[in-house]
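Construct all of the structure, not just a fragment, from the sequences and the given hints.
Chains as they are written, first to last, in full-length UniProt numbering: chain A, 1 to 266; chain B, 1 to 257; chain C, 1 to 257.
Simulated from the structure, these hints should not be mistaken for laboratory data.
Hints may contain errors.
To be verified - Some chain B residues well away from chain A (every beta-carbon gap over 12 Å; in silico):
hint, residue
1, Thr34
2, Asn98
3, Ile182
Unchecked claim - Example chain C residues on the side facing chain B (calculated, C-beta under 7 Å, incomplete):
hint, residue
4, Arg79
5, Gln86
6, Asn89
7, Val91
8, Ala102
9, Thr110
10, Val114
Stated by the list, open to error - Taking CB as the label site, the calculated pair distances span:
hint, chain 1, residue 1, chain 2, residue 2, range
11, A, Leu248, B, Thr10, 25 to 33 Å
12, B, Leu190, C, Glu3, 42 to 50 Å
13, C, Ser10, A, Lys14, 40 to 48 Å
14, B, Ile82, A, Asp69, 22 to 30 Å
15, A, Lys14, B, Arg254, 23 to 31 Å
16, C, Tyr11, B, Phe23, 55 to 63 Å
17, B, Gly25, C, Asn13, 52 to 60 Å
18, B, Leu190, A, Gly34, 18 to 26 Å
19, B, Asn157, A, Lys14, 28 to 36 Å
20, C, His108, A, Tyr112, 55 to 63 Å
21, B, Asn52, A, Asn103, 40 to 48 Å
22, B, Asp159, C, Tyr11, 22 to 30 Å
23, A, Lys260, B, Pro86, 26 to 34 Å
Quick caveat: nothing in here was measured; it's all calculated off a predicted structure.
Cβ coordinates follow ideal geometry from the N, Cα and C atoms, glycine included.
As a plain string of letters, each chain reads:
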Amino acid sequence: MNGPGTSPASRLPKKPSRIKHYLTFILIVWMVWGSAVATDSTFRELFTGLPEMWKLIDEMFPPNWRYFDNVVPAMLDTIRMAIAGTTFGAIIAIPFAVISASNIVKSPWILYPARFVLNLIRTIPDLLLAALFVAIFGLGLMPGVLALAVFSIGLIAKLTYEATETIDPGPLEAMTSVGANRIQRIVFGVVPQVAAHYVSYVLYTFEINVRAAAVLGLVGAGGIGLYYEKTLGFLEYDKTNSIILFTLAVVLLIDFISTKLREKLL
Amino acid sequence: MKRRIWLRWTIVAALILIYVWTFAGIRFDGIKPTAGKITHSIFKGIFSPDWNYVYLPEGEDLLRGLLETLEISILGSVISAIVCVPFAFWSASRRGKNRAVSGSGKFVLSFIRTFPELVMAILFTKAVGPGSFAGALALGLHSIGMLGKLFAEEVENMDAGPTEALIATGANRFQVLWFAVIPQVLPGFLSYSLYRFEINVRSATILGFVGAGGIGTPLIFALSSRNWERVGIILLGIIVMVTLIDLISGYLRRKLA
Amino acid sequence: MIELRNVSKSYPNGTKGLNRINLTIGKGEFVVIVGLSGAGKSTMLRSINRLHEITEGEILIEGKSITKAKGAGLRRIRRDIGMVFQSFNLVKRSSVIRNVLAGRVGYHSTLRTVLGLFPKEDINLALNALERVNILEKAYIRADQLSGGQQQRVAIARVLAQQAKIILADEPVASLDPLTTKQVMDDLRKINQELGITTIVNLHYIDLAREYATRIIGLRAGEVVFDGPVAEATDEVFAAIYGRPIHKDELLGEAAL
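Here it is in structure tokens:
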């Protein structure tokens, strides 16, 4: 044993190099700094913007409560859009989920293209889809419903096929052993195990869609979003604020109900 | 048994009512005669994109638009990852902490989460002027809601043992934080930040719709001027970028785990 | 010297964790505390460095009251008391050496420790501590790569680097197999004998207590029911402490000893 002052360094393994850590750190700093420079983001910009922001907030209060009456129909439309979009998406998602689950479909010629389509759908933001559908179908709720439906297919199908792949294979084997055909195997061996998950994912997607539906109006796809643009365009910030608060209340309420339902399911 | 049947029929009746109400309110005017043609043009545009737009020497091209989108999302993610840390510790419920404190923190986070980021972007364009900075601020503020919640869960699930050990050595609060808490939560924080970055890249592609910079700006122009070849190439660009970012970020997150 | 003067702890629901305990533990003693789980062993140990608060009485460390100490004064006293835990309480993602250096933070300013600027003597101290418990070669490995016994030795090295005058060990071998149990207990005894560090250990195994202790304290329902040298701790005494005959699972077994 050495005294407390002497170094046991000679018997020590070599200290691992930290160069990788430093390089990663430098890379991140460089990326953030570069982004800030390129987008003209400076603290000065932020501070000079602060009074402006404060003025905006000042004008937003008190909210114009009377404006509520004007936007209630639009809010109901928003909820309708979310319900319809989620429903269509949820229905179309079922066949997609079935052909993407590797324990149901064995052929890679079906499996991978199906998953590829699902991944592709999920790369496109819902607002972009809505803008495209508005271009095709014109203004109204329909493009909003379609955009939410397409987005929902991607999300629900992915979550459902992943849940399907983790099911207990026992019932499936049992169905095979009694001579069931492919459809019977799915109906009796898979559906009972996945149904609760599926419903829970549909509700979860519905929560997301309510939030998304609230802004689809910005590209002309109907609902409350239209009124954001209208009131902001006329600089009626007190009205904007009442819409914001209304949206928040509706979304939080729907979230609450949906979460309670999901807890009951699983 | 009887109660179960009753419950089932109540659910069915409620669902029928909801759907009647929903579809009674959605007017379907039939498909416009131009719809087919436009769909055809969009698909034609996507399959015969305007390749010239990828790079233009004088600027305002696809690559620069995508780069700006990336910059907005990087900045937004970094802002939120830093700002959400105090929110996370505020809202994390741990043993011996007042539930009212963490509850109020959780409420603030869900409030921020619910606030539509596009509306936030519009408000920021009014405050700091239109452009990418407004977009980055909007993403940064909105992401706090989700990141703060995920970070708080990471803090809640942390092993309390090392904290106890550090207190026992006579460390002060800050030293406990630095030597016991941060090493435990940092990998999770980084992983969630990358995950949020993936989401932010998607969001940043549409910020331009409201004047908050990125590829959305030329996209909304191309859409309103019905320049489908250009819409096609931009769409393609977005798909490629988002997929690449997902792949890279997913790889990094697996390494962190 | 550790003095417990009339120490009691009652919980809000009225149950008594500790009941009027009076003890004096001299320098260099190797005390083993035995008793059923729930008898108050862990509570008493954690009261000594005030990880748990007591509701009555006073605890003196080297003549200074830890019960009345506050802030920096409390941390100063804790710095002299090392603690070893059942679940090791290492930061699993940090390297072994960093875990050992964590024992030094009480000696330095916040800024210095946060920047990682430990003086050369501290690093030597940490390396010597690792050498003493025979895991010097693991210094730069992440703590979660080590076996349970090795992790506990890192925890002991942390206490050594802390240059503690007292070691509290709360069920230090409860998560270890018989062979590593012996190694860890040997380490603790060696440190006790060579460096003269007062050591207080909570143990579940009776034969282990007899093998290592110089003095045995028996707790039952928060009260001291036995206090004496090993020679006096007969099977009858243990039966009295436990309120029933000794079970087989309270013996580690001859094979290991």
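Item to check | Cβ separation of lysine 260 (chain A) and proline 86 (chain B), checked against the hinted range 26 to 34 Å | outcome: 30 Å, holds
Checklist entry - Against chain B, with CB atoms and a cut of 7 Å, does the hint on alanine 102 (chain C) hold up? => result 5 Å, holds
Item to check | Cβ distance range 40 to 48 Å for serine 10 (chain C) and lysine 14 (chain A), holds or violated | outcome: 55 Å, violated
Item to check | threonine 34 (chain B) remote from chain A - nearest C-beta pair above 12 Å | outcome: 8 Å, violated
Next on the checklist: Restraint: valine 91 (chain C) near chain B, CB-CB cut 7 Å. Satisfied or not?
Outcome noted: This interface hint holds because 5 Å falls under the 7 Å limit.
Next on the checklist: Is 22 to 30 Å respected by the C-beta to C-beta distance linking isoleucine 82 (chain B) and aspartate 69 (chain A)?
Outcome noted: Once the Cβ atoms are compared, 42 Å apart, the range 22 to 30 Å for aspartate 69 (chain A) and isoleucine 82 (chain B) is violated.
Item to check | Range hint 23 to 31 Å (beta carbons of lysine 14 (chain A) and arginine 254 (chain B)) holds or violated | outcome: Given a distance of about 28 Å, which is inside 23 to 31 Å, the answer is holds.
Item to check | Hint check for phenylalanine 23 (chain B) and tyrosine 11 (chain C) - Cβ pair distance inside 55 to 63 Å | outcome: Holds: the Cβ-Cβ distance is about 60 Å, inside 55 to 63 Å.
Item to check | Cβ separation of leucine 190 (chain B) and glutamate 3 (chain C), checked against the hinted range 42 to 50 Å | outcome: 48 Å, holds
Checklist entry - Quick one: are asparagine 157 (chain B) and lysine 14 (chain A) within 28 to 36 Å, going by C-beta? => result 35 Å, holds
Next on the checklist: Quick check: does the Cβ-Cβ distance between leucine 190 (chain B) and glycine 34 (chain A) fall within 18 to 26 Å?
Outcome noted: Between leucine 190 (chain B) and glycine 34 (chain A), where Cβ atoms are some 20 Å apart, the hint holds.
Checklist entry - Holds or violated: is the Cβ of glutamine 86 (chain C) closer than 7 Å to a Cβ in chain B? => result 9 Å, violated
Comparing the model with each numbered hint stated earlier shows that hints 1, 5, 13 and 14 do not hold.
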